[in-house]
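Colleague: Residues per chain, in single letters:
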Amino acid sequence: GAGVSQSPSNKVTEKGKDVELRCDPISGHTALYWYRQSLGQGLEFLIYFQGNSAPDKSGLPSDRFSAERTGGSVSTLTIQRTQQEDSAVYLCASSSHREPTSNEQFFGPGTRLTVL
Amino acid sequence: AQRVTQPEKLLSVFKGAPVELKCNYSYSGSPELFWYVQYSRQRLQLLLRHISRESIKGFTADLNKGETSFHLKKPFAQEEDSAMYYCALSEQRGSYIPTFGRGTSLIVHP
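Protein sequences appear in the order of chains A and B. Quick note, the first sequence lines up with residues 61 to 176 if you use the working numbering. Quick note, the second sequence lines up with residues 20 to 129 if you use the working numbering.
Please note: incorrect hints may appear among the correct ones.
[What the hints assert, rightly or not] With the C-beta cut set under 8 Å, the calculated list includes, among others, these residues of chain A facing chain B:
(1) Gln101
(2) Gly102
(3) Ser122
(4) Phe125
(5) Gln165
(6) Pro169
[Stated by the list, open to error] Anything over 10 Å on all C-beta distances counts as not near chain B; from chain A, calculated:
(7) Ser67
(8) Pro68
(9) Asp78
(10) Val175
[What the hints assert, rightly or not] Some chain A residues flagged as far from chain B (calculated, every beta-carbon gap over 12 Å):
(11) Gly63
(12) Lys71
(13) Glu74
(14) Lys75
(15) Arg82
(16) Arg129
Think of the hints as simulated: they come from the structure by calculation, not from any bench. Backbone N, C-alpha and C fix where the C-beta goes; we use that ideal spot for every residue, glycine too.
Excised from the complex, chain A in its bound form (with noise of 0.2 Å):
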């Protein structure tokens, strides 16, 4: 079946833009991750979505991040005033924490920002 999808694949923008990100996960996963991976920093977690539940924000670097999930599938990460250190690529990630994958992470290809 499809796996997790992200658009846009790309996305310039200008410094103090808006930006926003989507996922769609795979159908039927109830966990839903955002990460931003930066070179030399490896995988840094941002927001988590598990069904119905408040989402777990801890990993947010800023108020000008934030992210919803509607109908308990697509999520979309929206950037406020962007800055140049937020350039970078954001994974999205699904998991079904159902046997046999459980903890298993399913990845999207990523959107790669660039921040001018």
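Since the structure of chain A is already known, use the hints to place chain B on it.
Modeller: Showing chain B alone in chain A's frame:
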């Protein structure tokens, strides 16, 4: 707090040589350990998990609770193994937010 350490940013070997990518973790509960791999221009994907105790593409990893390590090993590296490798830890029960290491870039020279 849980922590995953991959001490090597870059590991460079020749084809046919053994390779070991190190991963150490800090966690007090029952961890579930994973290795993820990202080949050039491909998405991050699971390579193996300690629970399944499999060998994938010739790679194995044994969870050593005494040394809190989960090193990834392959006896004979191939050029197609060149990729970025991430070690990750999750709780077996409870919080599902994994912790990833910073990654090791493996380069296998011909």
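Colleague: Take the hints in turn and mark each one as holding or not.
Modeller: How the hints compare with the structure:
Restraint check, A:Gln101 versus chain B: the minimum CB separation of about 7 Å is within 8 Å; hint holds. Below 8 Å, beta-carbon pairs count as interface contacts, and A:Gly102 has one with chain B at about 4 Å; its hint therefore holds. With a cut of 8 Å, the hint placing A:Ser122 at the interface with chain B is violated, because the nearest CB-to-CB distance is about 19 Å. The closest approach between the C-beta of A:Phe125 and any C-beta of chain B is roughly 16 Å, which is over the 8 Å cut-off, so the hint fails.
Nearest Cβ of chain B to the Cβ of A:Gln165: about 7 Å, under the 8 Å cut. The hint holds. Against a cut-off of 8 Å between C-beta atoms, the interface hint on A:Pro169 holds, since the closest Cβ of chain B lies about 5 Å away. With a least beta-carbon separation of about 14 Å from chain B, A:Ser67 lies farther than 10 Å from that chain, consistent with its non-interface assignment. With 10 Å as the threshold on Cβ separation, the claim that A:Pro68 sits away from chain B holds: the shortest Cβ distance comes to roughly 15 Å.
Distance to chain B confirms A:Asp78 as a non-interface residue, since its nearest Cβ pair spans about 26 Å, more than 10 Å. With 10 Å as the threshold on Cβ separation, the claim that A:Val175 sits away from chain B holds: the shortest Cβ distance comes to roughly 23 Å. With 12 Å as the threshold on Cβ separation, the claim that A:Gly63 sits away from chain B is violated: the shortest Cβ distance comes to roughly 8 Å. The Cβ of A:Lys71 sits about 17 Å from the closest Cβ of chain B, beyond the 12 Å cut-off, so the non-interface label holds.
With 12 Å as the threshold on Cβ separation, the claim that A:Glu74 sits away from chain B holds: the shortest Cβ distance comes to roughly 27 Å. Here A:Lys75 stays apart from chain B, with its beta-carbon at least about 27 Å from theirs, past the 12 Å limit. For A:Arg82, the requirement that its beta carbon stay farther than 12 Å from each beta carbon of chain B is met, with the minimum near 16 Å. Against chain B, the non-interface label of A:Arg129 holds: every CB pair exceeds 12 Å, the least being about 15 Å.
In summary, the structure is inconsistent with hints 3, 4 and 11 from the numbered list given earlier, while agreeing with the others.
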